[in-house]
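Each chain is listed here by its residues.
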Amino acid sequence: MNKPIIRLEDISKSFFGVPVLKNVDFEAHSGEVHALVGGNGAGKSTLMKILTGVYGKDGGRIFLEDGEAVFHNYKDAFLRGIAMIFQEMSSVPTLTVTENIFLNNELLKGKCFLDGKSMRKRAGELLDRLGVDISPDAVVGDLSVGEKQMVEIVKALSSDAKILVMDEPTASLSANEVDKLFEIIENLKRQKIAIIYISHRMNEILAIADKVTVLRDGQVVAELISRDLKVETIIGHMMGNETGTSFEWIPPKRAFSKEAVLKVEGLEVADAVRDVSFELHRGEVIGFAGLMSSGRTEILETLFGIRRPSKGTIRIDGQEVTMRSAGQAVKAGFGLVPEDRRTQGLVLIHSLKKNLVLPILKKMCTGLFLSPKKINETAQQSISELSVKTDSADKIISLLSGGNQQKIVISKWLRSDMKILLLDEPTAGVDIGSKKELIATVRKFTDQGNSAIFVSSELQEMLAVCDRIYVLKRGKIINELRHEEIESEEVLQNEIQK
Amino acid sequence: MKFKSNGMTLTGKRFDLSKIIVYIAIVVAFIVFSITLGSSGFLTVKNQINILRQMTTIGIMSFGMTFVIGSGEIDLTVGANIATSGIVAAIVMRSGGNAFTALLAALATGLLIGAVNGLILIYTGLPSFLITIGTLTILKGLSMELANSNSIPIYNRTFTQIFGNGKVFGIPVMILWCLLCMGIAWVLLRKLPFGAKVLAIGGNSKAAEYSGINVVRVRLTIMVLSGVMAAFAGVLYCARLQAANYVYGDGAEMNVIASVVLGGTAMSGGVASVIGTFVGAWLMAMIDNGTVIAGMTASQQMIVRGVVVIAATALGAISARRKQKR
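Protein chains in written order, with the working numbering: chain S, 351 to 848; chain V, 218 to 543.
Hint data in this document are derived by calculation from the structure and do not stem from the laboratory.
One thing to keep in mind: the hints can contain errors.
[What the hints assert, rightly or not] Straight line, CA to CA, 20 Å or less: simulated DMTMM-like cross-link-like pairs of lysine to aspartate or glutamate:
1) K539(S) with E527(S)
2) K423(V) with D690(S)
3) K745(S) with D767(S)
4) K542(S) with E598(S)
5) K539(S) with E554(S)
6) K539(S) with E382(S)
7) K236(V) with D744(S)
8) K423(V) with E689(S)
9) K794(S) with E598(S)
10) K408(V) with D744(S)
11) K823(S) with E527(S)
12) K724(S) with D767(S)
13) K542(S) with D510(S)
14) K539(S) with D426(S)
15) K745(S) with E362(V)
16) K608(S) with E830(S)
17) K661(S) with E615(S)
18) K408(V) with E727(S)
[Stated by the list, open to error] One-sided and incomplete, this derived list gives chain S residues near chain V with beta-carbon spacing under 7 Å:
19) P688
20) T693
21) L696
22) F719
23) L720
Note that this is a predicted model, so its numbers are computed, not measured.
C-beta: ideal position from N, C-alpha, C; glycine also.
Build out the structure end to end from the sequences listed, making use of the hints.
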């Protein structure tokens, strides 16, 4: 076999004393697509950040074709031909395709003036070479997500990248755009570019990858050739046999109500959600399982009045409701723990207690005036009830750990008169101890006669708390499973990949 | 990955220079002027009361502006608002209206100006900076039109005494009105849910919205509040001068913004202080007064005022940045 273009040897990395990567070996070859798979927290992103110089490594070595390489930052790696195609697009939306491609790498005339003509010509050539049908003069902000990604790829190639790292490149692409991307990847392979492909979508990996490396708990557990490989085999390797880290099922303490608290029929939201119907009973936790952009977040945001449905009815206790704003949704009894805690859930520059009382300012008043006594009591109750680790209720919330911040976001709603709690990735960026506590809190809440909808990429968590799980794919419900019907995480993982 | 840093900046409950710089600055200014100008009359009770009286109109406008800036917006119409609402009050009295109707008419004018600003803000989502540049220009034209580019004298003695030149126990009424407005603003900001909502919107409007706060309504209320406060300042202004004129309040918005920011309200929103704003306006008036006594020309005064604003806010900003790095 020919020599790898890049080889990582014995890579180790820890964060705050917790090992994330343990003696990982990984290599990529020119003209091949090498897929990297693993559950959340398996270490994929960390490994790629070390490869692209974003993180330093604690141990191990990186070899390029011409010997050992040391990267101090992204630029070091970039100059050696390694480029990352970012999940969030890093292009400037107001500039044209040409301007973006040559950003900070402009071609000059007489060492001083921009050579617009040559840049435009060269951009056109690069786009043609990839078989991308985008005008070099188009403004990037007007392009679709897929087209923006193509521009990113061209930008990487313009600086002679030999190794492209793609992290979930298809997450926000339509089916057509995925096909187009795969054509381009085939094209890149012919041009002897090495591609490292990270994805949760097993079918795509089987379609495009030549090799598959499976990471679990920071270790390489399998290196597979993708020919004749089956989805079940990869998932089997990803899960392993161990159940040590799994969360225990917390059964509900009371029977669910016969009548549905929430009944949604034929819900449609722009391109994101198609003909979704479901119901939720008092005392019940339901979950929406699916890959990124399967419509999970959109369903919750629609219930919370942030998105407008184009079709469908929402009934609460049999009464049809229309939510035009989050305020109305709160009045109707909804509470939302949003997907992005830092930008949507919290006012980071404010104290813990100010954040906590935001949805319940009215309840914090004596007469017209806010009562500092009531606010402090409420804060103390929440802190002790959810065992939030903080010196005081006046501490600025951004100084708390992720898990403790999230407890406050949930606590915001537990103190209101909310009946239906919507949770969108509530455990992202939260340590394992706090995760267990958060899950227990949800069950405790529903045991008091309330209901919850739980969305998470971490299937173990869903299995631990959901009484029923709806499986979503591209905005549609493709299956509904009761807790008893799901034997293991593997079963659910296979459902999602269908 | 899961092991993100917790954003460990050391801005917790620690000493923050930007919030208290204005109190230090006013003490420093007072001491400097006392030493250099003590013999020229700076230290007399009469002069000190004079300083407080001079700050009242800017102060009242600044209380409204504290909410506007605290919510992350800006209102540049406050200066033009003074002229327009003052002219409306003067016209009402010229046509035989009494002092009370004149006050109501002026406040209604301010309310309307604030409502227009607010409605454009919530319906178009344009930056408030741009919107209020537009409405500011319209108001200037409108007040010239209303007054035929003339000064309108006010002969109603009740009006000029109650809002301008009267005294209660030796204290000019303007100071009392200003303190009353400060009290109202302080209660609104610190004691009512409204203030908490304003600061939440300024700190992170998304999080405020996701907490079920009616962001649109609060924004509209803030702009109306600023309009009404500025109109009341306009009433005091024309009562004091016993006339209304379209040039009154010209450029006042800059002094207002400077007072608010000096007082520790964050230009980006989320942090605000009514008392700080009061002291900020007081400081500006003290500097004006001291420089006049020192015999500086109007042009020299302007230069000093500009230097003080930059120096004080820069000190606060630099200390905040240092702390983040540490």
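Taking the hints in turn, this is what the structure says about them:
1. K539(S) with E527(S): 18 Å, holds
2. K423(V) with D690(S): Holds. K423(V) to D690(S) sits at ~10 Å (cutoff 20 Å).
3. K745(S) with D767(S): 26 Å, violated
4. K542(S) with E598(S): At roughly 48 Å apart (the allowed maximum being 20 Å), E598(S) and K542(S) break the hint.
5. K539(S) with E554(S): 16 Å, holds
6. K539(S) with E382(S): This hinted pair holds, its Cα atoms lying about 6 Å apart.
7. K236(V) with D744(S): OK: K236(V) and D744(S) at ~17 Å, within 20 Å.
8. K423(V) with E689(S): 12 Å, holds
9. K794(S) with E598(S): 15 Å, holds
10. K408(V) with D744(S): With a Cα-Cα distance of about 17 Å, the restraint between K408(V) and D744(S) holds, given a limit of 20 Å.
11. K823(S) with E527(S): 17 Å, holds
12. K724(S) with D767(S): 16 Å, holds
13. K542(S) with D510(S): 12 Å, holds
14. K539(S) with D426(S): 24 Å, violated
15. K745(S) with E362(V): 54 Å, violated
16. K608(S) with E830(S): With a Cα-Cα distance of about 18 Å, the restraint between K608(S) and E830(S) holds, given a limit of 20 Å.
17. K661(S) with E615(S): Within the cut-off at roughly 9 Å; holds.
18. K408(V) with E727(S): Roughly 17 Å separates the two Cα atoms, so the pair holds.
19. P688: 5 Å, holds
20. T693: 6 Å, holds
21. L696: Status holds, d = 6 Å.
22. F719: With a minimum Cβ separation of about 5 Å from chain V (threshold 7 Å), the hint on F719(S) holds.
23. L720: 6 Å, holds
Of the numbered hints given earlier, the model fails hints 3, 4, 14, 15; all others are met.
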